[in-house]
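Enquirer: Here is how the chains run, residue by residue.
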Amino acid sequence: MSELTDLSLAELSAEIRTGRISPVEATEACLRRIDACDRTLNSFLTVTADAALADARRLADELAEGRYRGPLHGVPVALKDLFHTAGVGATAGSAILRDWVPEQDATVVRWLRNAGAVSLGKLNMHEFAFGATSENPHFGSVRNPADPERIAGGSSGGSAAALASGLCFGALGTDTGGSIRCPAALCGVVGLKPTYGRVSRAGVLPLAWSLDHVGPMARTVSDAALLLEAIAGHDPADLTSARRPTPPYSRLIEGGVRGLRLGVPGELFWTPLHPEVESAVRTAITALEAQGARVEEVSLPSLAYAPAAQSLLIYAEAAAYHERWLADRSAEYGASVRVRFAQGLFVDAGDYLNACRARALVRRDFAACLQNVDALLTPAVPIPAPLIGQADVQIGDFSASPQNLLLRNTGPFNLTGLPAISVPCGHAGGLPVGLQIAGRPWDEATVLRIALAVERQAKD
Amino acid sequence: MNRAQIEETLACKLSTPLPAEELEDVVQRVALLEEQAALLRALPLGDVEPSWGEWP
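Going down the list, the protein sequences come from chains A and B. Just so we're on the same page, my numbering is the position in the first sequence counted from 1, plus 14. Just so we're on the same page, my numbering is the position in the second sequence counted from 1, plus 8.
One or more of the hints may lead you astray.
[As the list claims (entries may be wrong)] If the Cβ cut is set under 7 Å, some of the chain A residues that face chain B in the computed set are:
#, residue
1, ALA341
2, ALA345
3, VAL353
4, LEU359
5, ALA374
[Stated by the list, open to error] Stretch-level coverage of chain A by chain B, calculated; a stretch enters the list once three of its residues show a Cβ under 8 Å from a Cβ in chain B:
#, segment
6, 316 to 327
7, 361 to 368
Quick caveat, the hints were computed from the structure, so don't treat them as lab data. Where is the CB? At the ideal position from N, CA and C, for every residue including glycine.
Chain B extracted, bound-state conformation:
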């Protein structure tokens, strides 16, 4: 997600625009989240279900 998309989304979701410094922080944080999501997408999750389930 690029900076413009992030800015556009935040304009809809926040009542007050973020100061430039905070916006920059969010852009970097979203990039980190995307890296983390990519790491999980690469896992062999197979038929693992997204539930807590019982303790094995």
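Okay, chain A solo, but in the shape it has when bound:
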């Protein structure tokens, strides 16, 4: 990376505030970096260079007049392409919405702009967010910056790849089964799925209403905290938005992990697991223990049926939203997502309601467990990034499709709505590995605090 795009969001923010770097310089540096790298990565679908530079100039003028909006003032960011953006297309990675241009910004986009962020454009993703690889038949696959022959993960693959390559300083993603945390883990960046209800979903194309979350992605934990501060809060336009004050996350993440109780659930999170992923994650957990956390094994019996509940909910809700397009334009879907939407047409109402009831049990189970520990630790993704087009992943005697493994460990926290983050914790065969930290409802601050301790340890 060049010197400027090598900065973290927080470092850039400090430079902008003191006038050593202008919003225009920061924006121009990102645009140059996009020009230089994105032919390979394919992380952006739309670069709004002129609008970004105009916004940056306006924000520079504001600074010159002594008007400072806060830590995102003049900071270049980018948005997954299923966020509505006024006057700028939002394809959701699909052919069906290729020419659709929203008239209004999504709430979180508006709040980011109000906080002073500069949007560089829209990011590539898995079609309609219904998949974990970001292999996109309409716009091409997003490539992993650590190895361009490999997937970036998904569905927010463009967001993770752009961040890891220094094309932007922060990004927004969405997460229905792990679509923020999976690409974050595979590309070596930080991805946070907040508590369900913490961040508005208004103006974001849904995949499955009861599982969808919006969250920040960044290169560092502190940067993710700053972004979360800007996008969290009650939004009357989203019926599931919680009426809770937004804590000052960036001031709550220091303090270390001494005295915290951290639970390590067994069950499905660890089997099968790539041995080098396991090694990196166990090393990170041991380091937390060495920093004063108390680590203990915990049991979550409901995990045995969590994947079934998650699966029925996501397929039924996704098919319900897409029913009209399936009836009118089914040929315009890519083959792999078309079969998933078609599958969802066969969930009957009784089974859907049973899945909702099972979710209530899973939530109780996790909540009871989290009365005894402050957070849960698991591998974020059980494998390092597979090759683009790879049909099966082999771990010992076990073989499965990447899609079946990539979201295995993240899905339970969509089902429960609990906050969960992926933070880089090492490498497997030279590819990034993420540790997943999940916390109590509404306690993103503790999740971020633990993640910061992991990040500092990993950098030492």
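For chain A, the structure is supplied; the task is to place chain B on it using the hints.
Expert: Leaving out everything else, chain B in the frame of chain A:
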């Protein structure tokens, strides 16, 4: 649900018939969904309601 029923439903719900390979994929996926639904039906759900509710 058997293959013929799936095919009949999809004929009504999709604007374009699925290629044979995709149809086969859907048939297998529906069978998996049915297994998952059966697993949940076997749970002692008692008077558990299908709502998010408040955090306990």
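Enquirer: Next step is simple, just say for each hint if it's right about the structure.
Expert: Hint check results:
1. ALA341: Holds: closest Cβ of chain B sits about 6 Å from ALA341 (chain A), inside 7 Å.
2. ALA345: OK, holds: ALA345 (chain A) within 7 Å of chain B, min 4 Å.
3. VAL353: holds, 5 Å
4. LEU359: holds, 5 Å
5. ALA374: Status holds, d = 5 Å.
6. 316 to 327: holds (count 6)
7. 361 to 368: Coverage by chain B holds here, the residue count being 5 at a Cβ distance below 8 Å.
Consistency note: the structure conflicts with none of the earlier hints.
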